[in-house]
Amino acid sequence: MKEITLTIQRFDPAKDETPHQETYTVSVNEGARVLDALDEVRRSLDPSLMYRSCCRAGQCGSCAVRVNGNPALACMQEATDGMIVLPLELPVIRDLATDIAPVLERLATILPSDSPQSLSKEEVELIKPLRECIECLSCVSVCPALKVVDFAGPTAMRQQMRCALDPRDSEDRITEAIERGLFACTTCHRCVEVCPKKIKIPGKAIEKLRERANRAGLTLPRHQAVAELVERTGRSVERTEATFLEQVPEVIEPDGPVKMTIGFFVGCMFNGRVPQPALDAMEVMKRNGIRVIIPHEQVCCGSPLIRTGQTTILPDLKKKNIEAFTSRGIDTVMTMCAGCGATLKNDYDTPFTVMDITEVLEKVGIEPPAKLPISATYHDPCHLLRGQGISEPPRHFLSMVVENYIPMPTQCCGAGGGVRSGQPEEAAALGKLRGEAIAATGADIVVTICPFCEFHIQEQTDKPVKNLATLLLEGYRKKDQEEKGN
Amino acid sequence: MGVITTEDCHVLVIGSGGAGIRAALEAAQYGETILIGKTIAGKGGCTVMAEGGYNAVLREADTITGHLEDTLKGGAYLNDRTLAEVLVNEAPDRMADLIRMGAVFDAEESCMIAQRPFGGQRFPRTCYAGDRTGHEIVMTLLERLRASDVIIRNEITALELATDESRVCGAITSTRDGGIGAIAADAVVLATGGAGQIYDITTNSTAGTGDGYALGFRAGAELIDMEMVQFHPTGAVHPYDARGRLITEAVRGEGGILKNVQGERFMSRYDSQRMELSTRDVVARSIATEVLEGRGTEKGGVWLDVTHLPPEEIEARLPSMLEQYLAFGVDIRKEAMEVAPTAHHMMGGLRITPSCETTVPGLFACGEVAGGVHGANRLGGNALAETQVFGRRAGEAAGRSKEEKREIDPTQIEAVEQRIAAFGAGEMKPSDCVARMKRAMWDGAGIYRTAAALTTTREAILDLAASPLAASSGPEILDAWTAQNMLLVAGMILDGALMRQESRGAHVRSDCAVRWGVEDSPYGHTRISPSYRGIELIGRIA
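In order, the protein sequence lines correspond to chains A and B.
Per my numbering, the very first residue in the first sequence carries number 1; after that it's consecutive.
Per my numbering, the very first residue in the second sequence carries number 487; after that it's consecutive.
So here's chain A without its partners, still in its complex pose:
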């Protein structure tokens, strides 16, 4: 037995105006789960504590709560000393029990035709991953889109796709999915992160439904315009100034000895819309012994097309990009756009290794820059944090280059998944939430790695939004000046 202290949010809407937190100390067995700790609180301290549990084996989805900020099944998550247990972000019935039934009742139900029909093995294998949902609604609790627009939520989209994939179903699921908010998903993948069954709803349901919408001619006009642009120019954004590729040679040699050689995949935003951070990054590479090879025939990675379901020209883009690097014998390709990086890593089958710029810098080990006399917070790009699992390296470099790093809770800024172009009001509403979070940190600047986030957040905050590479370069320049001064 061991003693643990836990804090639980208590709330009885019939009596309390607002929820409050209470702290309890209980004895639990080694290996006890959160649910065992709740049971013990109820048994020994307060029998009025309300929460749900049924199967105690992670199969019924009754007991999802937030533990230290993240949804988890109370029956599977190990109890830890000091943990804070809150209800899911859904209307609270009392304490940790939330009103999940109305959400469940709205899920699509397959409408099978009358004749019994068996599925083929292939059909079963396609549907199965979408069938594992235990309807715990952890995904609904965390979905950022749901906070600002009318969206049925991640698991509702999973269910739409489950029906759409089933040859027995006789309904038009695509129109229905669009009515329920198919284009509201920013593909931030937060739902996958918290799903106890790790169901890849954005990739296996939302993007696939958008593909079907595309085949049915139901792609949003603004998304279509992007696809037409890519088809015409190989790029997803119009050039507004001299592009990055027009400004750089094919090979950039480092100042000192070569420690590493990488190919650089620049991406459309850094190429055509905001080349400066990419140019700054090249300076950082030079300074740290990294030789950069930049094939000029590279094109859009296809991410804006995959996220919006417009995948017909995708094979062509992939082929061009892969050949651009393989033909030069490059074995490591660096990205500095989180979206391109996630796409090359997850949607491509590349014969080379793909690394984010922070991974490259971490691997090589960089010369420490001078510390800038500012406080900075960091915005996690979804396609870096969850798309590539990169969280620590950017924070590490940021702490190296600013005097004061202030953490900020992670949330999607609203720019991804085609939402910025397709549903600008939603993107702005999510951006506004980010703006408020940034203001709450009191930081002088916001740093991020994704050009989409950077561009989008800048519209919603009066603080400068900077790329990490730019900041590192500023640190080096300060260092040089200080050394010159000495």
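Don't read these hints as lab results, they were simulated from the structure.
Honestly, I wouldn't trust all of these hints.
[Said to hold, decoys possible] So the derived label-pair ranges between C-beta atoms look like this:
| hint | chain 1 | residue 1 | chain 2 | residue 2 | range |
| --- | --- | --- | --- | --- | --- |
| 1 | B | 802 | A | 459 | 44 to 52 Å |
| 2 | B | 925 | A | 21 | 31 to 39 Å |
| 3 | B | 704 | A | 84 | 41 to 49 Å |
| 4 | B | 802 | A | 349 | 16 to 24 Å |
| 5 | B | 841 | A | 23 | 49 to 57 Å |
| 6 | B | 937 | A | 23 | 48 to 56 Å |
| 7 | A | 459 | B | 637 | 45 to 53 Å |
| 8 | B | 637 | A | 70 | 31 to 39 Å |
| 9 | A | 319 | B | 802 | 28 to 36 Å |
C-beta: ideal position from N, C-alpha, C; glycine also.
With chain A fixed as given, assemble chain B onto it according to the hints.
Chain B in isolation, oriented as in the chain A frame:
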């Protein structure tokens, strides 16, 4: 407290697991149907937790007779033969229903539903959806339920059945907060599942508290074979709080082997023919014997090993097992699982006809709350089939009931309120009472039983039942009410076990010398009702 809700309907279904939902879907074709359950529909019963599969004869090479014989033999010939026949005859049709409703079972290249071998069966006839078969069935039923006219009342507990001159005419209910209500109905279907929670170590969900046995009994219905408690051979052993968690029979179906601490594949000594895929009663006893005789692990289990299987196969066929064990820090692709028997299924229950009528007019029962289908031991894969076969039958029979007055006698509601009021004067916490009962039942009415231990346990349960329970808030009142239901059911298990002086199927009386093979047993069902208790004698005692 006063009645806060009164409503009426044609059919009231109590219990929202696999059998209850199936019954409600069927009943709704005949008239207004209300489905109540103490959890959110689909989440509470054991169906959603069932992993392994659903037995049905689907292939030319298999036969209905074979399924029947396996079921009767597995049940040590205590089964109600007619019910077993219904089960095996209709299981394929109900599987077809599920497929028609949209279920996604694993399929073979030929589009045939895939089937795996399960214990005690001559043919691989267990249909499955990975190792989440019950979940697949519940999801399918829920989709249909949400699209149906059935009125779903989540988190409503049935406290008592209401009767009108010995006919069941509805139920007196409670919300989570103890708000009393009443639902009048022309017919009531009990589908409340089993009672594993009466034991300290169980696979059952927290809802498996045997309420339906208690409600049916108090309404005058007869129960049979309550002593027949199946101990699943393979439950988790640690961590302590996860003890008893089901390790599906599919692990053995897919080739898992059992070993004692000496590394010996001990099943060869107990059933060299069927080995790990012997019937559950045999495997559970074998494991218990290994542990009792000192060949178990330190924590009192044995090893269940799949590490010889290719990792991909484990990932594809046993994903839930893999995931659950990983959450507890064990990678079953590389390490063996530590397992021991765990209370799993009640073979006994309310006596029913093939139309699911209980012995009380107006009351129907289906699923685990009903007895007789499985005899003295249930085959793995027959319970999910039972939920669908008898769920449909109960729903149909209840639906065909004629319209009644739809009134509930207020004095019966008052009686419930008086019982609740008495909790105000009690002293023992319901949770303490339940903890003591679970321990006593595990120690005294487990796999090996003797008259002496059963009698001591019976006295302990009577003592607990005589100690007034304390409860003030709504949720505590439900706890106390449930505890009293559990004590009543524990008593039935003990009484049945004392009456049955033979070893048969899951019931082993180590103090009784048995002079007959199970096929020739002179005993029939044990019977318990408010007015009678005894064991049927169907032959001459040798």
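Hint check results:
no.	hint	verdict
1	802(B) <-> 459(A): 44 to 52 Å	holds, 47 Å
2	925(B) <-> 21(A): 31 to 39 Å	holds, 35 Å
3	704(B) <-> 84(A): 41 to 49 Å	holds, 44 Å
4	802(B) <-> 349(A): 16 to 24 Å	holds, 22 Å
5	841(B) <-> 23(A): 49 to 57 Å	holds, 56 Å
6	937(B) <-> 23(A): 48 to 56 Å	holds, 51 Å
7	459(A) <-> 637(B): 45 to 53 Å	holds, 49 Å
8	637(B) <-> 70(A): 31 to 39 Å	holds, 36 Å
9	319(A) <-> 802(B): 28 to 36 Å	holds, 32 Å
Taken one by one, the earlier hints all hold for this structure without exception.
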